[in-house]
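Put chains H, L and Y on the given structure of chain S with help from the hints.
Number of protein chains: 4
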Amino acid sequence: MSAVTAGFLFPRTPSGQASLLPPPPWHYSGEMLTIEYLAEPGAVAALLPPPLEPVADRPDAVAAVWAEWQWKSESGNEELDPVRSQYKECLLVVRCRYRDRDWSRCVFIWVDQDASLLRGHIQGYPKKLGEIWMTRPALIGQAGPRLAPGGRFGATVAAGSRRLMEAEFTITGEAESAGFVNAHPMLHHRLLPTVEADGGDALHEIVKVGSEVDLGTAYVGDASLRVFSSPTEELLSLAPREMLGGCWRRVGLTFRGGETLSRSED
Amino acid sequence: MSAVTAGFLFPRTPSGQASLLPPPPWHYSGEMLTIEYLAEPGAVAALLPPPLEPVADRPDAVAAVWAEWQWKSESGNEELDPVRSQYKECLLVVRCRYRDRDWSRCVFIWVDQDASLLRGHIQGYPKKLGEIWMTRPALIGQAGPRLAPGGRFGATVAAGSRRLMEAEFTITGEAESAGFVNAHPMLHHRLLPTVEADGGDALHEIVKVGSEVDLGTAYVGDASLRVFSSPTEELLSLAPREMLGGCWRRVGLTFRGGETLSRSED
Amino acid sequence: MSAVTAGFLFPRTPSGQASLLPPPPWHYSGEMLTIEYLAEPGAVAALLPPPLEPVADRPDAVAAVWAEWQWKSESGNEELDPVRSQYKECLLVVRCRYRDRDWSRCVFIWVDQDASLLRGHIQGYPKKLGEIWMTRPALIGQAGPRLAPGGRFGATVAAGSRRLMEAEFTITGEAESAGFVNAHPMLHHRLLPTVEADGGDALHEIVKVGSEVDLGTAYVGDASLRVFSSPTEELLSLAPREMLGGCWRRVGLTFRGGETLSRSED
Amino acid sequence: MSAVTAGFLFPRTPSGQASLLPPPPWHYSGEMLTIEYLAEPGAVAALLPPPLEPVADRPDAVAAVWAEWQWKSESGNEELDPVRSQYKECLLVVRCRYRDRDWSRCVFIWVDQDASLLRGHIQGYPKKLGEIWMTRPALIGQAGPRLAPGGRFGATVAAGSRRLMEAEFTITGEAESAGFVNAHPMLHHRLLPTVEADGGDALHEIVKVGSEVDLGTAYVGDASLRVFSSPTEELLSLAPREMLGGCWRRVGLTFRGGETLSRSED
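Protein chains in written order, with this note's numbering: chain S, 1 to 266; chain H, 1 to 266; chain L, 1 to 266; chain Y, 1 to 266.
To be clear, the hints were calculated from the coordinates, so they are not data collected in a lab.
Bear in mind the structure is a predicted one, so any value in this text is a computation, not a measurement.
Be aware that one or more of the hints could be misleading.
[As the list claims (entries may be wrong)] According to the in silico footprint, chain L covers these stretches of chain Y (three or more CB under 8 Å from chain L):
#, region
1, 7 to 15
2, 19 to 27
3, 39 to 50
4, 78 to 84
5, 119 to 125
6, 188 to 196
7, 221 to 234
[Claimed, not checked] Under 10 Å between C-beta atoms, here's a sample of chain Y residues computed to sit facing chain L:
#, residue
8, CYS106
9, ILE109
10, ASP114
11, GLY130
12, ALA159
13, GLU205
14, SER237
15, GLY258
Cβ coordinates follow ideal geometry from the N, Cα and C atoms, glycine included.
Chain S extracted, bound-state conformation (with noise of 0.2 Å):
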């Protein structure tokens, strides 16, 4: 009397088209602005939960990412509904030591679409809805930034009805590579609270995620980050201390699957 369902993820019917997401591969193509920082001694510690420890080289360091994505399953024309496939996203990602070796782990993180949010909740990226902006490069026309040394970027995020973060970039040359803070693989935790609402999680996981990189030219230089208060944000505590720079770049990401590190039961 009853059916088999299928599909990636819910809702799952017979033919699991109705499912939020296709399954794996995923393919993005986009454009990432990343801006690196100091923040106050201890800010980055106080976010990692036990067993993860602050890394050893400047354990302080953040990164505050903007990205503007297209994506597309391997099986499906997702691009060609561009409803479905267009994205931004702003992250803020920090370094942890976690098995003797260092791991790059987004602490906060908004998207502007659900496709995009139940990803990131299944990769461990604690995903919340925003509103996500980043100035595009002129290419051509008068309307925007070249990429080229002088070129200059503003990128914000809000939620709430409320200005989370502003950034501002100015390109100064060219570099081979860029960035040491989101250059580790992905440490993440997946968490879903029981049902009961009793404190526990009923799901408890430490992921590795990460992705195949496809990177364009490195376009580094100074930046700026201001950092606003919101009664359902913690950001004032990693506001910047001492700015590092900042990279424009173009980038293409697939991503396969993670690895589950440990399981608990809470």
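Only chains H, L and Y this time, still in chain S's reference frame:
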């Protein structure tokens, strides 16, 4: 070196302030339009994974529900920052049989806010983002229906720049009680695929969820419903074969937690 | 060879169906929160172009108004397609003197729908798009204020990813009448620059607009208001110096047309 | 006692800072997809009010245009606050004859930002709000088309929770020039009804608008277009009878002002 982090949901931080959701109890006050109909024979059964089975009486009955909510937590004042506390949702509810009793079950649902989206996922509602609208009664002036016989209401849901369903409801009178499809405790699956995306689920639970309910006057009447096609939905299979009727009422809810009925490793 | 085109507003077509607006009468039913205060001396006068002058009594009084509407035209059924008929707005109203009488005048306003935006421009309201939220009374359940002493309401407006104003209001009782700033017929300018953008206006009118009004119970009380900075607004100049009070009430309106008082060529 | 107020558009204030628009010149940089086709005989003529007449050659030709823009004013830095400077639009362009020459003319257009909406009204574009999406070329990675033969693009426009049009375009090669429908100066009406809403217009002008144009490589190819029904649109009358082709290109524009050709009192 590392920190104790808190919060009902991610992102977890020392204070718990950034958590996408505060812990239950969650209170809701709102308005709900419920439209009941019969789908084609077997349409509901096709959406029930084993061990769920169709109910014996009118197994193809479906309730299409539109609701407009304001919510708050027990400890917070979310209702005073209404960008955080107001949202709308639209869902399709069916019934199923499990462990010798009848249950209600949400098979498709769209909502327009991230807190509600995740609150749904925690309760096993397969929520996606959508754009939901429902006519409000006009308690003054001429721009809407009165809560009286002849009052006409419309309701729509869209996602991905496509209208998915539209309904119309006309009050014929009041009733002591109304509706039978969405009248049982809810039986949901809570699902999350493994990060390996290897076809298995890291979380696969059957849960019971329900709320304390405070019901206003039931305005009952006649209803119609149109269902449209979409590459990301399977609503055509649940299109109406025979309309049963509708009901508009004010509703108050309190959710304190559900119950895990089954936890399986996939 | 060419056609007769119809429609109250553009785009005009043979049938008039595509017009962004149907012709008046326009009916509105909704809820309105009005907060009155005194700004710094001279703050209101600075916003009144000649020949408008400040009023004699409390010339710096301002009303900050939040409203949530459902509208319909006389001939249409927009209320049955609520994506077209529901919207919110927030406005700042002052008073001015012109032709020997006192008028109300909207100096800043944000709305979240294009039909309302253009309807505003036709009436001389300087509408921009914004994100507007106001607490709803809870007529059932626990997720909001009752319409009774102690009931607390919040209201916010944002634009360009920035919060512009936020207010709070607490009911202390009921009143026969309430408010004096937004109590006169409205005196507005209707403006459109020449297409040459040479500094002149092709349309420059002073108009009187007003509606037939149906008022519900006035719940009056205490209010606070915070005003934030923005590069595209000048709200700081209208920040409160002294709060006067607030009022929440249901309102019905019908707009049938205004009156052109002055038409000048610039 | 009263003030000098400034600003290109409303709301006018002492500083002009709050004006919904800064004065021209306005610069634009973006990407444009143009799809040309023939509608049913007479379909275009039906949308041309006298004294406009159809052109002699292929009078039923229509261009469906999708564009994604970043804009800035000459004096401002709007591009550094991209929530203000980025938007998308979709328009239908036809041709008409007036004063012994051929013109292009926008008959329907949707845009997703208020500054662009009003800038359109100032230039006589009958802009409404809509949700517009177009596939971006993938300059890196696998999530989109390359700017090369075989590259496939999609584009959609929706309003009022309804999809209005969707298009698909496949690059077949490059061309020196492309398109003939949107190739003339634009001839538009600027309209505003009287505030009396008595059937007359307070502003009724025929204007010429055009921009300085900087064109990137024209990628031409095959196109399809589907048009859907809506109670607030008349697009079915402009549905394609025969597709002509498409073109994707980067475009830079500068608008410095138009020219009033006729001003009538209605």
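Here is how each hint holds up against the structure:
1. 7 to 15: holds (count 8)
2. 19 to 27: With 3 residues in contact (Cβ-Cβ under 8 Å with chain L), the coverage given for the region 19 to 27 of chain Y holds.
3. 39 to 50: holds (count 6)
4. 78 to 84: That given contact holds, which follows from 3 residues of the region 78 to 84 of chain Y lying within Cβ reach (below 8 Å) of chain L.
5. 119 to 125: Result for this restraint: holds, n = 4.
6. 188 to 196: Held - the region 188 to 196 of chain Y has 8 residues with a Cβ nearer than 8 Å to chain L, which meets the minimum of three.
7. 221 to 234: Since 4 is at least three, the answer is holds.
8. CYS106: Holds: closest Cβ of chain L sits about 9 Å from Y/CYS106, inside 10 Å.
9. ILE109: 8 Å, holds
10. ASP114: 4 Å, holds
11. GLY130: 9 Å, holds
12. ALA159: With a closest approach of 9 Å, the Y/ALA159 hint holds.
13. GLU205: 7 Å, holds
14. SER237: 8 Å, holds
15. GLY258: 4 Å, holds
In this structure, none of the earlier numbered hints is contradicted; all agree with it.
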